[in-house]
Amino acid sequence: MPDTHAPIQYVAKNMRLDLRLIAEMVWPGATVLDIGCGDGALLAHLTTTKGADARGIEIDMAEVTEAVANGLAVIHGDADNDLAFYPDAAFDFVILSRTLQAVEKPREVLRQMLRIGQRAIVSFPNFGHWQVRWQLGTGGRMPMTGTWHRAWFETPNIHPCTIRDFFDLCALEGYVVEQWLAVDENGLRAPWRRSVRLANLFGEQALFLLRRG
Amino acid sequence: MPASVAPFPQVDHQRAVFTAGLALDCGVVLARHAVAYRTYGTLNAAKTNAVLVCHALTGDQYLAETNPLTGKPGWWQNIVGPGKPLDTDRYFLICANVLGGCMGSTGPREEMTDAEGQGLGRPWGTDFPNVTVRDMVRQQKCLIDRLGITRLLAVVGGSLGGMQALQWAACYPEAVFACVPIATAAHHSAQNIAFDEVGRAAIHADPDYNNGRYWEDGRIPAQGLSVARMVAHITYLSEEALQRKFGRKLRGAQTLTLLEDVFEVQSYLRYQGSTFVRRFDANSYLTITRATDYLDIAAEHGGSLARAFAGTATRFFVASFSSDWLYPTSESRHIVRALNTAAANVSFVEFPTDKGHDAFLLEEPEFHRALGGFLAGCAARAGV
Chain A
1 MPDTHAPIQY VAKNMRLDLR LIAEMVWPGA TVLDIGCGDG ALLAHLTTTK GADARGIEID
61 MAEVTEAVAN GLAVIHGDAD NDLAFYPDAA FDFVILSRTL QAVEKPREVL RQMLRIGQRA
121 IVSFPNFGHW QVRWQLGTGG RMPMTGTWHR AWFETPNIHP CTIRDFFDLC ALEGYVVEQW
181 LAVDENGLRA PWRRSVRLAN LFGEQALFLL RRG
Chain B
1001 MPASVAPFPQ VDHQRAVFTA GLALDCGVVL ARHAVAYRTY GTLNAAKTNA VLVCHALTGD
1061 QYLAETNPLT GKPGWWQNIV GPGKPLDTDR YFLICANVLG GCMGSTGPRE EMTDAEGQGL
1121 GRPWGTDFPN VTVRDMVRQQ KCLIDRLGIT RLLAVVGGSL GGMQALQWAA CYPEAVFACV
1181 PIATAAHHSA QNIAFDEVGR AAIHADPDYN NGRYWEDGRI PAQGLSVARM VAHITYLSEE
1241 ALQRKFGRKL RGAQTLTLLE DVFEVQSYLR YQGSTFVRRF DANSYLTITR ATDYLDIAAE
1301 HGGSLARAFA GTATRFFVAS FSSDWLYPTS ESRHIVRALN TAAANVSFVE FPTDKGHDAF
1361 LLEEPEFHRA LGGFLAGCAA RAGV
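Quick note, the sequences are listed as chains A and B, same order. When we follow the numbering used here, the leftmost residue of the first sequence carries the number 1, and every step to the right adds one. When we follow the numbering used here, the leftmost residue of the second sequence carries the number 1001, and every step to the right adds one.
Extracted from the complex, chain A is given alone in its bound form (with noise of 0.2 angstroms):
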């Protein structure tokens, strides 16, 4: 990455709002991979609340290190890279949270984390939000908002989706939307659960656990 940013944005730097509501999603002694993990603040928690096996990869050395001096079990690794490596079913949860948006191939990582996970837990920023619409709707521009607020030369969201564009993919490739939610830029439940469209509208962020169809 040329510019002088953390190389993703959607990084788990603490223990984020949703990622707790993700951490709602896993049971008690789950196998899970957390894809993007950070400092591995939602595997800490995994591990201590859940009792379960959970590794990460993370593509951010520095916070590779922290997550190993804290007796985590992370790689240093990306999820376009590394996935293909595991062996089927290896997981009962594989999460990316945050990320879908910035890796290379999306459709790709999807298939290769219902390969090796029973489940897949995803969230991502939607770009159908409102405030998303209005600025390219009415100034003609790439829009900025609190969630999408790096210019377009230099974001690394290279594949923004909106939440229906997601619904989408799963129906292409056949997955199973077990649950979904629409989340607020603070990562709490927005209650647009009974209306895609409207969730589409006022989600900043989505969530989703998937399985295999």
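Hints in this document: simulated from the structure, not taken from any laboratory. Positions of the beta carbon are idealized from the N, C-alpha and C atoms, including for glycine. Check each hint, because a few of them may be wrong.
Unchecked claim - Only some residues are given here: those of chain B computed to face chain A with a beta carbon under 7 angstroms:
no.	residue
1	1290
2	1336
3	1337
4	1340
5	1341
6	1343
7	1345
8	1347
9	1348
10	1349
11	1350
12	1365
13	1366
14	1373
15	1374
16	1377
Said to hold, decoys possible - Listed below are the simulated SDA-like cross-link pairs for lysine to any residue, each with C-alpha atoms no more than 20 angstroms apart in a straight line:
no.	chain 1	residue 1	chain 2	residue 2
17	A	50	B	1276
18	B	1249	B	1266
19	A	50	B	1382
20	A	50	B	1377
21	A	50	B	1266
22	A	50	B	1383
23	B	1072	B	1279
24	B	1249	B	1265
25	B	1084	A	70
26	B	1084	A	66
27	B	1072	B	1276
28	A	50	B	1345
Based on these hints, arrange chain B on the given structure of chain A.
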């Protein structure tokens, strides 16, 4: 190069002697063999806090104390002690001289024994059988059993030490709670073998080598061994580190005279070579470099490194250094991917440094913090 080098002084090493035969990969059985070793810290009553530290090619068992031969500090003294990553308040550290070594364990310098284990009054020399890294590990297992330890909390090592750590995890998974292979590989590349061969050729070309029977007239192939060390030493450093340390600096002069100029890097390598021959046996050097060349853990498991670790419950921490070109990060990543394929619990960090392969022995605070944290996490999980 000094015209004659005093043979190195006899030192009494702490040893465990075994009279049950040790069957080697080459088919030879060593009827009687010895492991020279040192320990640091205290073994707890349950014998669950033992950490085996494996040394590199030219290392020895003097991990964290003044080396009786060289008078220098232990090779990993910087990270051993109370509160250090290898915490002697918590762990019982064991460090053994490898099979084939020259610091008291059975090897070319030690007295040759016959099939009954009777001493023959002469050193093994080149009659010492070709050993493998797996043989080294098998011998260490004898020591661990003798100490009454059924499971090691961890096996830790860099370079050849890392190969031993991997081999421990592959051979005795139930006896290894955690494994830390550092700056290492699961096999030698063609380039690794090539550099080793240059070293061996230098030793063989020294007239004092005398077909390996140099011990007969008290000589040592100092010239050849010294060149072997010089070549190897270059592979332990990075171009950047050499440049930073020496550049084109001259010894005792500012500019080239084209007469007796000596570059600083020349003088450094000569020093490295000349001190090495006072502490290392040439036949041991041949034996151990061959063992590292023979290593191919995947080949030992039907061509699949993942199969070597199938079903393992061992926790791994693989560490590499960005400027290490002897065992580059790609080799570590290869190990990590095989461990992932085996669904093993693995951590992996490539530490950024310009110090090359040697970084694992030097002051690398991030590496030390990760190592200490990983071991502490393992100790907590193992209930130590």
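### Query
Hint numbers the structure violates, sorted upward?
1, 12, 17, 21
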